[in-house]
Amino acid sequence: MAAAPSPADVAAPGSFTTIIGLEVHVQLQTATKLFCGCPTTFGAPPNTQVCPTCLGLPGSLPVMNRHAFDLAVRAALALDCTIAPFTKWDRKNYFYPDLPKGYQISQFDLPFSSDGFLEVVDPKGAFSRRVGIIRVHLEEDAGKSMHDEAAGTADSRIDLNRAGTPLCEIVTQPDLRSPQEARAWLNELKLLLVYLGVSDCNMQEGSLRVDANVNLHIPRPDGSVAKTPIVEIKNMNSFRSVERALAYEAARQWEEWQATGRELGSAPKQTRGWDDPAGVTRGQRHKEESSDYRYFPEPDLVPVRVSADDLARARAAMGVPPAGLRRMLAERWGISAYDADVLVNQGRELVAYFEELAGLVGEGKVASNWMQQDVLRTLNERGGTIDAFPVRPAALADIIGRIAAGDFDTSRGREIFAEVLASGRTVADVVASLGIAAVDDDALDALCRELVAANPKIVADVQGGKEQAAAGLIGQAKKKNPNVNPGKVRAKCLEIIRGL
Amino acid sequence: MPPDPLQLSAVELVHAVRSGDLTAVACTEAFLARIERTNGVLNAFLAVDREGALARAAEIDARRRSGKPLGPLAGLPVGVKDALCTADLPTTCASKMLAGYRPPYDAEVVARLRHADAVIVGKTNMDEFAMGGSNENSAFGPVANPWDTSRAPGGSSGGSAACVAADMAPVAIGSDTGGSIRQPAGLCGITGLKPTYGRVSRRGLVAFASSLDQIGPMARSAADCALVLEAIAGHDPGDSTSLRDEVPSYTRALDKPLTGLRIGRVPEHFAAGLDPEVARGVDEAFAVFRQLGATVHDVRLPHAHHGIPTYYLIAPCEASSNLARYDGAHYGHRAEPGKGHRAEPTNGHRADSGKERDGAAAFESPLVEMYCRSRAEGFGPEVKRRIMLGTYALSAGYYDAYYAKALRVRRLIRQDYLDAFQTVDLIGGPVSATAAFPLGEKTGDPLAMYLVDMYTVTANLAGIGGISFPCGFTAGGLPIGFQLQGPALAESLLLNATDRFQSLTDWHRRRPPLAV
Chain A
1 MAAAPSPADV AAPGSFTTII GLEVHVQLQT ATKLFCGCPT TFGAPPNTQV
51 CPTCLGLPGS LPVMNRHAFD LAVRAALALD CTIAPFTKWD RKNYFYPDLP
101 KGYQISQFDL PFSSDGFLEV VDPKGAFSRR VGIIRVHLEE DAGKSMHDEA
151 AGTADSRIDL NRAGTPLCEI VTQPDLRSPQ EARAWLNELK LLLVYLGVSD
201 CNMQEGSLRV DANVNLHIPR PDGSVAKTPI VEIKNMNSFR SVERALAYEA
251 ARQWEEWQAT GRELGSAPKQ TRGWDDPAGV TRGQRHKEES SDYRYFPEPD
301 LVPVRVSADD LARARAAMGV PPAGLRRMLA ERWGISAYDA DVLVNQGREL
351 VAYFEELAGL VGEGKVASNW MQQDVLRTLN ERGGTIDAFP VRPAALADII
401 GRIAAGDFDT SRGREIFAEV LASGRTVADV VASLGIAAVD DDALDALCRE
451 LVAANPKIVA DVQGGKEQAA AGLIGQAKKK NPNVNPGKVR AKCLEIIRGL
Chain B
1 MPPDPLQLSA VELVHAVRSG DLTAVACTEA FLARIERTNG VLNAFLAVDR
51 EGALARAAEI DARRRSGKPL GPLAGLPVGV KDALCTADLP TTCASKMLAG
101 YRPPYDAEVV ARLRHADAVI VGKTNMDEFA MGGSNENSAF GPVANPWDTS
151 RAPGGSSGGS AACVAADMAP VAIGSDTGGS IRQPAGLCGI TGLKPTYGRV
201 SRRGLVAFAS SLDQIGPMAR SAADCALVLE AIAGHDPGDS TSLRDEVPSY
251 TRALDKPLTG LRIGRVPEHF AAGLDPEVAR GVDEAFAVFR QLGATVHDVR
301 LPHAHHGIPT YYLIAPCEAS SNLARYDGAH YGHRAEPGKG HRAEPTNGHR
351 ADSGKERDGA AAFESPLVEM YCRSRAEGFG PEVKRRIMLG TYALSAGYYD
401 AYYAKALRVR RLIRQDYLDA FQTVDLIGGP VSATAAFPLG EKTGDPLAMY
451 LVDMYTVTAN LAGIGGISFP CGFTAGGLPI GFQLQGPALA ESLLLNATDR
501 FQSLTDWHRR RPPLAV
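Line by line, the protein sequences give chains A and B.
With our numbering applied, the first sequence closes on residue 500, and no number is skipped along the way.
With our numbering applied, the second sequence closes on residue 516, and no number is skipped along the way.
It is worth saying that the hints were derived from the structure and are not from the lab.
Among the hints, a few may not be true.
[To be verified] Estimated spans, in silico, between C-beta atoms of each pair:
1) A:380 - B:404: 22 to 32 Å
2) A:352 - B:104: 42 to 52 Å
3) A:383 - B:388: 56 to 66 Å
4) B:388 - A:232: 43 to 53 Å
5) B:412 - A:232: 56 to 66 Å
6) A:115 - B:404: 38 to 48 Å
7) A:115 - B:411: 48 to 58 Å
8) B:404 - A:266: 27 to 37 Å
9) A:144 - B:422: 26 to 36 Å
10) A:221 - B:404: 26 to 36 Å
11) A:51 - B:388: 43 to 53 Å
12) B:104 - A:134: 52 to 62 Å
[To be verified] Result set (BS3-like, lysine-lysine): computed pairs, CA atoms no more than 25 Å apart in a straight line:
13) B:96 - B:68
14) B:442 - B:384
15) A:88 - B:384
16) A:234 - A:269
17) A:466 - A:478
18) A:92 - A:234
19) A:92 - B:384
20) B:405 - A:92
21) A:190 - A:124
It should be emphasised that the depicted structure is a prediction, and the values quoted were computed from it without experimental measurement.
Note that the Cβ used here is the ideal one computed from N, Cα and C, for glycine as well.
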């Protein structure tokens, strides 16, 4: 072990690189479990979604749910993994009350897929990171232990509803370089999996779980790099927690490094749990020996073969992934990468809404602005899904079209949007009931002449070269007739003043 | 005057019930009475379902009277090894761990038996979790061999073998992981078939070694075995390892002449260790087959002598994992919470490392204590021995030297058979090296006990079928068994050859002089 460096040897604080790899467990969106026919519905009363197989009763046998396997293949393909033509199951043996068979059916040395990547690009250009995927494998979930510590009885209760739920484990290379990147990458992964229909990725319900491995690379003045011991962080319940835990852990490792100079390899890998309320990671018990799971091939299941046809079907079911969709929207509708990112991050249904709207409006940028300033904002306030949003693309396109035609201005358009949203009536109906009618040219002419005559000060200002003074006339015109188009009022008033 | 059910073969019994010459109730009562008379001596049954069996028999009779169709095993009393799950009867695997355990479902084979209108009379004794070759590892006492009650019936399906030999049921169901149908059949003078791996569904068979376990029929003759196998064989979507191949009619292929059949004889089988009386019986059986028109040829199985070590790695490895579920947490035996137990602070000991201090075991946590004590109390010594062997062999650092190597040898053994079956149709030889041995003779010597499977384990390792049937008796009046092994899915030929043998011999008709 290297001697602890003196402070003089150590680079300035903040000059280290944070090295992060993630292990993500994702529950697959199947109706039934991985090796039996029990439903996977979340929230059922404890131990009501069980059968001899997922209870691990004597004599019970597993039968693979091919749909779960197909979903996992779809996810792995979207992560650009290589799919093994032949894969098998292994038993991971350990004792725990929420593991009724005493082993978990998993994949050890021949995972069904490996060697992929998922790129995350910060829409504001802060970073762009291609994160390698070491492997994606399929396994069964364990049940849930509920420890009743509050009662002081040390009683634990077990719910095996979750036991046997299909679970994809995704292991990345240590390619992430900051807590922000890790969070952004997880968001991108979640978006991808939701787009694929592979998982709902609901962290509150446990359908997505993340562990992170982190250490620091610290350059020394002599050009060599010191590496701090790798720490595995567990118990992070949101992507925000992941970011906070990683930031805390990087700072903690930096301090520990300065204090001890301890490097990778000098101690076994440590596991630390994230304490979210306290905002700290805490060391978990060291194991004297690393766990020995005594993996061996599961003799109750036959190996799985993946044919070219299976792969073709999985590819066909993939659809365009979020990254491709962003590029496509930007190209097709001429919107910025940032705007495309905002839209795509809202999910496939919102993108479909946008594309329908943009098609009807015939102009992507305007449609995108309405989506972001009006539709999304309202959606966020009201809650609910875009599919159930009362203002359908055709109605919104109608409003935008009338604005473009000069029937009314944008702020008036927003009022109509709000009324359509609230009442569910048609745009034409709302326009009529609000008395909104296009102001004909004669009426506009008369109104503007009246205003010019009544405002000599403004007229003088305009004549003196301050055209912006005409805004005062527009305000007055709107008060007299809310339906006037401000642009037309301005143009007409300037015309009259010039003609004086 | 209706026939005496105890004197009829299974084929005849079913025929008598279907034709109305005999009621299923009368048949069932006759065997129940026989069980009552003999079980006290033999201990072949762990549970007898008098009420259920009679109700079932009455229902079958009623159906016959109303002219409704009956299944192919109509009214046939069957003893079922206690390793198969039965929803209406306890399933204990002869272990204290599962004493009183009642499964919520029927094993696929049990369901097929019921569907075929068989009458399950009870659950038969066995070595605990099917681990043993003498039935002395039962937590509920050994089974006595009906031919000499001071001797072992063989194992692990010793209860099923004794039950058929002593006419407690015309047929029984056994399971065979390394010889557990064939060896007790041989020692009890009955016919027992271990089908090809995957031919019969394992669903509901309490697993010992999943890649080796196979359920099969035990009866007095090949014809009776054929009848039962036809009812229980076939693909089960609930067992991923079950074969999809269609099930042929085993009963209709029985009387094919054996002219031109090539039977292999392995010279190594007759090396030191084989009892001379057994060797003579086996050679006489070869002579019978020649008489039937078969030819006998020497074949080599070069890796067969690695069978026992290979088997005693693979089977315990799988068993150590299969038996992990018996931890006291969900069902089965759970140790009472420790009294006066001193809790140790968390000290990093693993779940299996309760350590001795001041003569008292100290445990990492109440949970680990519950695990350790439940398993220590619930399992017998042989089960513990195999769990430890398997756990050790699968451990990091040993896996390649033991388990992985055993898998490679297993492939060699399988290849030996494939090669041999290029030149012969079946392979014949002894089932075990000696006739039935005295109870207690081998219980102190696990290695000697392991060797009782030396002629049978290779068929399990290769996944092929084998049948065992009586081919003579020792001077002391103990049956001598003959074994035929065939290529995968050669059950028809195994049964056909055995049936032809039994058409020329009457060893299988002999009855033990059981004094009850």
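These are the hints, each one checked on the structure:
1. A:380 - B:404: 22 to 32 Å: violated, 57 Å
2. A:352 - B:104: 42 to 52 Å: Holds, at about 47 Å.
3. A:383 - B:388: 56 to 66 Å: Hint holds: Cβ distance 59 Å, inside 56 to 66 Å.
4. B:388 - A:232: 43 to 53 Å: violated, 31 Å
5. B:412 - A:232: 56 to 66 Å: Distance hint for residue 412 of chain B, residue 232 of chain A is violated at roughly 42 Å.
6. A:115 - B:404: 38 to 48 Å: Since the Cβ atoms of residue 115 of chain A and residue 404 of chain B sit about 25 Å apart, the hinted range of 38 to 48 Å is violated.
7. A:115 - B:411: 48 to 58 Å: violated, 29 Å
8. B:404 - A:266: 27 to 37 Å: holds, 33 Å
9. A:144 - B:422: 26 to 36 Å: Between residue 144 of chain A and residue 422 of chain B, where Cβ atoms are some 55 Å apart, the hint is violated.
10. A:221 - B:404: 26 to 36 Å: violated, 49 Å
11. A:51 - B:388: 43 to 53 Å: violated, 32 Å
12. B:104 - A:134: 52 to 62 Å: violated, 41 Å
13. B:96 - B:68: violated, 43 Å
14. B:442 - B:384: holds, 18 Å
15. A:88 - B:384: violated, 29 Å
16. A:234 - A:269: Since the Cα atoms of residue 234 of chain A and residue 269 of chain A sit roughly 13 Å apart, the hinted pair holds (cutoff 25 Å).
17. A:466 - A:478: Distance of about 21 Å is within 25 Å: holds.
18. A:92 - A:234: holds, 20 Å
19. A:92 - B:384: Holds, at roughly 20 Å.
20. B:405 - A:92: holds, 20 Å
21. A:190 - A:124: Holds, at roughly 20 Å.
This entry does not satisfy hints 1, 4, 5, 6, 7, 9, 10, 11, 12, 13, 15, going by the numbered hints stated previously.
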